[in-house]
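Quick note, the sequences are listed as chains Y and U, same order.
First residue of the first sequence? That's 1 in our numbering, and the numbers climb one at a time after it.
First residue of the second sequence? That's 761 in our numbering, and the numbers climb one at a time after it.
No lab work stands behind these hints: they were computed from the structure.
Cβ coordinates follow ideal geometry from the N, Cα and C atoms, glycine included.
The reader is advised that the hints may include incorrect statements.
Label pairs and their computed distance ranges (CB to CB) [as the list claims (entries may be wrong)]:
#, chain 1, residue 1, chain 2, residue 2, range
1, U, Lys883, Y, Pro365, 28 to 38 Å
2, Y, Ala309, U, Lys883, 32 to 42 Å
3, Y, Arg653, U, Gly773, 36 to 46 Å
4, Y, Thr14, U, His778, 42 to 52 Å
5, U, Met905, Y, Arg653, 14 to 24 Å
6, Y, Ala415, U, His778, 31 to 41 Å
7, U, Gly790, Y, Arg653, 52 to 62 Å
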Amino acid sequence: MRATLRWAHSDLRTHRGEALFLVLATAGIVVSLLLATALFGYATNPWQRVFTQAHGAHVWLHTAPSADTGRLTELDGVESVTGPYPTASTTLASRGARAAVELRGTAEEPSVGRPLLTSGHWLDPSDPDGVVLESRLARALLAAPGDTLALPGTDRTVTVLGVADSAEKRYRPGEQPGLVWAQPSAVRDPRGQVVALRLTDPEDTDYAVQRAVTVLGAGAVSEVSTWKQARAEAQGDNRLLGQVLGLFGLGALVAAGLAVHGAIGTRIRGHLRDISVLKAIGFTPGQVVRVFLLQHLAYALLGALAAAAVVQGLGSRIPGRLGDAVGVWHGLPGHTVALLVVPVAVVLFIGATTGLAAWRAGRVPPVPVPRRASAPGGRLSGAARSALGLRLPPALVLGWHRAFSRRLRSPATVARLALPLLLIVVAMSAWTTIERFDGRPEQVGLPTSLTVHADAGLTGRAARSVLEGDPQVAAAYPGVEVAALVPGQTATIALRGLGTRQDPYPYSLAEGRAATGRDEAVAGQGLLALLDARVGDWVRITVGDQPQILHIVGRSIEPENAGRVISTSLDTLRENDPGLGPTLYELRLRPGADPGAVAERLTAAGRGHLDVHAVPNPADGLSPLRGVIVGLIVVLALIGLIELLTAIGGTVREGERDLLALKAIGLSPRQITAITVVSTACTALAAAVAATGLGVPLARWIIDAQGASSGIGSGIAARPSALLLLLLCVAAVTGAAALAALPASRAARRRLADTLSAVA
Amino acid sequence: MSDDPTPVLRAEGLVKTHHGEGAPAHAVRGVDLRVRPGEFVAVTGPSGAGKSTLLHLLGGLQRPDSGSIWLDGECADGWREARWAVERRKRIGIVFQFFNLVSDLSVADNVELPALLAGVPPKRARAERADLLAELGLEGKERSMPGELSGEQQRVALARALVNRPPLLLADEPAGSLDSKGTREVMRLLTRFHQRGQTIVLVTHDARLASAADRVISFFDGRIADDAALDGGAPPRRAGASGVLELRD
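Use the sequences and the hints to build the structure in full.
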């Protein structure tokens, strides 16, 4: 053991750079994986974000109106109590959709469980019938600020002032009523009240609930809901981000593992001579393996510990989204486990890859003999020979030959370099797809950018003339959107009639054809999956009490309502119900128009009868992914750089053996340098071409699979532009050449006593 | 020779063929050898005769295709690489022509490493190293790195090989990369250790170096062509050319 330590110590002294590289590489991998985990938790868990931002309540208690909730503040472990707010159960209806809701009377905006407004504004005392809807409820009712909702069975109506996110138990039709904030005066017949508790220790929820119920008396409490229930319900949502990130994380880990393996392998190849001497003086093969393994495990452990400490200690101080993500992640329950598991897994993974390389070191023969010249198959090809005959620069021909003649090692080098590049191509495709949602939304089912609701004060023809009178509006498609029930299904779908036969709505079709004839419709993937239907099938749906039978002739890309949308023309719906008039208009704007400005102009022109808002873009929810993609591309580029340096080290070392021979046949040092540079560039080129060739179809497949499972539907994937791909290839090749130039020229100018010293 | 004490090293029917590119190279074909304690044997022959391979076989650095080796009467046929490594720590010192020293260890560490490996306490290893380096005229070089030394490298290699006082020293062209002064120096040192009773097997193509030995084996095409004692009485058995030719003054 002493001898081993002595050697490891001296090795560290003389190879500080290599040791530092390994520590830094491990630290880099662990930091990026931990940050990815943090971002994962942050981005894939919108509920957690809403909960944190809303200063969410840990316990909601629904009690009888008489319960004395003031005593709850005195309980141990309760940080603050908000409420009580009077509540009433009722039903809201809008354009055929109905929802059970809980009206909650809140004069002030609550400080705990604060609703996070996504559109519109908060309650206004001067508007007693104004309400704010929870965003899921608003989506289910197809309601937006400005809409008027009826309370069936009464002659009352309420006006939607705003839509807000909430971290409470979410609206589920028929099961969980939706949440509506209203003025206390609007809650006319309070049947109960609700109080929110924020706890000092969220893990202590069960105990806190128990004591709260004891204080209030079991008879007074009608319902208890906790943050854990709400979180459990919210999970399983938004899988897209999670899966994309998981895929990239694993890919990066594999690429990083290969990079570290390659780097250690190169290091051991550089040590062959010393390993022989060690064995000659009595190191057993097992000891040699242990020396390398323990040494690298120690470096990896050091790097992993440093990385974990840095992320834990300084992570939340990173400016911007990343810092927020780490801050939120610190509060997430899986945080400690991830902080332990990720570094341990990385160290084990690096240990396993080192083990392979170290095992090879153990098998180095104890006699320091020159290695046999390169593997068989190093013959110059006929083409290379004639190329030399054609007076092509010999460096070019020999460099090409060196890059591709070594039978086994060159494909492995190309493959290892291609992996990070391939992942970069996939990441670029993901970026381009998101970009397409932003830049060319008409290709992904978002041809219009504004939706206008007209009230009874403005008839169809008049409304249309106002809308089309605006110079920036290219087209206005009249339509209706109603919630419809599918027989045998509890789920609601959206039935849309948009456009007329003369002026059809420009659906983005992924399959089939446009709906032009009678009773023809197109549907989103979500609907097809829900009904287990296919393009060509007939479906029967019910709107209110009226059945509607439609022939699905195409599949449209459908970003709304998880793809559970069936769309036909307004004419088709009118044939069933001649009295049906358009209630909304979808506006397609001229290129370059600013939707906000147009919306303002139209609202003014409508004189209070028009309610204009922007069409939500699903890519808005994916915006955290962009930062992640940029970060991933940087990490992958670093991994590629490490691979490249390893490959260059290998090529230069291989070249040393031929140095004297090349000098003897009359090549100048510059030409010898050029051989190595060309060979490295060729390897990089092969890797870049392979990565592009495989990455583009792979990305299309992955993104479309995601689209299909999320309901939007396959066909959303966008290929990065050819220019961008070309740029990636050029960057890889020139980067490789530039990186190879210095070590190659240094090697070419080195004076060797004889070829034997190039044994290692 | 059969009535001699147990030989330090005995080999019988050693065969080793290298399978490289092209035709297989028969490096060693059927070698029998006995080395008595305290003997200084030089194996000479032209380059490519298989001398180095023979030495590697004797040190367990390579495994013979067939044949047997005994160390101190102990048969080494069944030893694995790890067992040979352990034996090399105590029983065999080896000096090569090149690459004798671990390049990233200092001279002192290079010499102490085999002692530490053999389980010698660090304090004693340091003392042994200091004695040896002083004897070889290398005081003050302890902290040097091998790359900074020129002719002294082989002396450090000798120190490294002898630090555990092995019964057997195998030297493969120890002066092959040295100038004539260095060669004389190595020769003087080998003679000095031999006079103290060190058993030495030396492989060299240099006749001057071989002349320091008391027995010279001529190696040619993987076989022993001649085996002659240089001083003292007639060799017990004359198989090679010296059995046919007798030179008279």
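query = Lying within 42 to 52 Å: is that true of the beta-carbon distance threonine 14/Y to histidine 778/U?
reply = Violated, since threonine 14/Y and histidine 778/U (Cβ atoms, about 33 Å apart) do not stay within the stated range.
ask   = Do the beta carbons of arginine 653/Y and glycine 773/U sit within 36 to 46 Å of each other?
value = 40 Å, holds
message = Given a hint of 32 to 42 Å, does the C-beta separation of alanine 309/Y and lysine 883/U actually sit inside it?
response = Taking Cβ atoms as reference, alanine 309/Y and lysine 883/U lie about 38 Å apart, which means the hint holds.
request  = State, for the Cβ atoms of glycine 790/U and arginine 653/Y, whether the hinted interval 52 to 62 Å holds or is violated.
outcome  = Violated, at about 39 Å.
31 to 41 Å as the expected CB spacing between histidine 778/U and alanine 415/Y, which holds or is violated = The hinted range 31 to 41 Å holds for alanine 415/Y and histidine 778/U, with Cβ atoms some 33 Å apart.
message = Taking 14 to 24 Å as the stated bounds, is the beta-carbon spacing between methionine 905/U and arginine 653/Y within them?
response = Because 21 Å falls inside the window, the suggested range holds.
query = Okay, lysine 883/U versus proline 365/Y on CB: inside 28 to 38 Å?
reply = Given a distance of about 34 Å, which is inside 28 to 38 Å, the answer is holds.
Checked against the numbered hints listed earlier, the structure breaks hints 4 and 7; every other hint is satisfied.
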